[in-house]
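Undergrad: Assemble the complex: chain W is given as a structure, and chain D must be docked to it using the hints.
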Amino acid sequence: MPEVALMFSGGVDSTMAAALLAERFERVHLLTYHNGHGTAWMGRSAKRVEELRARYGAERFTHTLDSTQSFMQEVVTRDLVENYREYRSGFIWCMGCKLAMHARSAIYCLENGIRHMADGSSGSTQEMVEQMVVSLSLIRLFYASYGIEFFTPVYDIPREDEQAELRRRGFRMGVQILGRNVGIQPQCYAGLTYYAPYLLFHKAPDHEEANVARFIRDKSTIAHAIVTRWFEARGRAVPERAAEAAG
Amino acid sequence: MPCCGGKKGGKPISRLQFAVGRVIFFGIRVTLAAGLGLAARVSPRFAPIARFWGLLSADWERAIVRREGIVFHGDGHDAACPLAPPSHRDATGGDAAFGSDWGDDTLLPEALASDELAVTAAAREHARGA
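Chains as they are written, first to last, in my numbering: chain W, 1 to 247; chain D, 248 to 377.
Watch out, some of these pointers could steer you wrong.
Claimed, not checked - In the EDC-like style, the derived pairs of lysine to aspartate or glutamate whose C-alpha atoms are separated by at most 20 Å in a straight line are:
1. D:255 to W:23
2. W:47 to W:59
3. D:255 to W:59
Unchecked claim - What follows is a set of in silico ranges between Cβ atoms, one per label pair, in the way DEER data are often shown:
4. D:281 to W:88: 32 to 38 Å
5. D:319 to W:69: 40 to 46 Å
6. D:289 to W:242: 20 to 26 Å
Just so you know, the hints here were simulated from the structure itself, not pulled from any lab data.
Given the structure is predicted, the values throughout are model-derived calculations rather than measurements.
Built from N, CA and C at the ideal position, the CB exists for glycine as well.
Chain W extracted, bound-state conformation:
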């Protein structure tokens, strides 16, 4: 298969995904985003890309570092307080941020004629709202409406297996603290804050499935509008969009 795009941070999951995709696709487009709201250490992703290029060939990977701040403004921050009162959970920040990234990724795929899109979602971190099955299912529909197949190549690989395999392949693993590898990927301080009660007290995040699904479907409308406007603003044909299966 020719080309695939992958949301890439350089952490364990997305690095494993990139390595696996490099075995199946001729070229892997690695997409790294910062949202302009407390993201730091962005250079770590580029270092990881160099490791991947050294192992699988420089021509196999392209890397793009882009900002989703303006998209984040539309999807998340514009109606933030109102949305919090409506959904009564802070997941709106992380899920909205991820939707902004998916909108940007869809644009990237459409501009470059890429029909396969992946991310490093993992069943080992299903406490993260964007990695819940319901979230991934609806994201899959979002991409499918543009004729793009979205998939999650490492979802069912246990974290411990990924860590062992990356170590075997000679990747840097950073410092392991509480089962997480620190120092190998950018840091999102807002995300870290959101999961503080989970990390400190083992308090499960309030990610009620129907609530999350309602939010995604609500914000997907904005994400689609962002994609449309992107192409209109550049005087280019707006991609045709099939109706979403459950729309």
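TA: Just chain D now, with coordinates in the frame of chain W:
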């Protein structure tokens, strides 16, 4: 509601961990309020962000004080939200995906490979009047 508590969600902690956690959480809350409060004074665009994190951390604080969703060792209901085993692990021990011959069907978890789940999730949401 399906379990989405992750590996740790609902698992018991010690009273010491709770106490240390409260100190750390207090630090986070104060830092957030000070940082975002200052940012909101400098630029109005930060005002809703400061407001959001203020509301959220206040709600968390209330829940933590009431120990909502927080279990201590010995409370008698450990692991309130057990994580289901991976649904798609290879029967040979989970290493199949690392081989050079992993097939297309290993790209996707079974659940995500099917549109049925997505449609089901969305339909369920519609049914609830969203």
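Undergrad: All the hints need checking, so say for each whether the structure fits it.
TA: Evaluation of the provided hints:
1. D:255 to W:23: At roughly 33 Å apart (the allowed maximum being 20 Å), residue 23 (chain W) and residue 255 (chain D) break the hint.
2. W:47 to W:59: It holds: about 16 Å lies between the C-alpha atoms, which stays within 20 Å.
3. D:255 to W:59: It is violated: about 40 Å lies between the C-alpha atoms, which goes past 20 Å.
4. D:281 to W:88: 32 to 38 Å: 25 Å, violated
5. D:319 to W:69: 40 to 46 Å: Roughly 41 Å apart at Cβ, these two residues keep to the hinted range, so it holds.
6. D:289 to W:242: 20 to 26 Å: Because 45 Å falls outside the window, the suggested range is violated.
When held up to the earlier numbered hints, the structure conflicts with 1, 3, 4 and 6 and fits the remainder.
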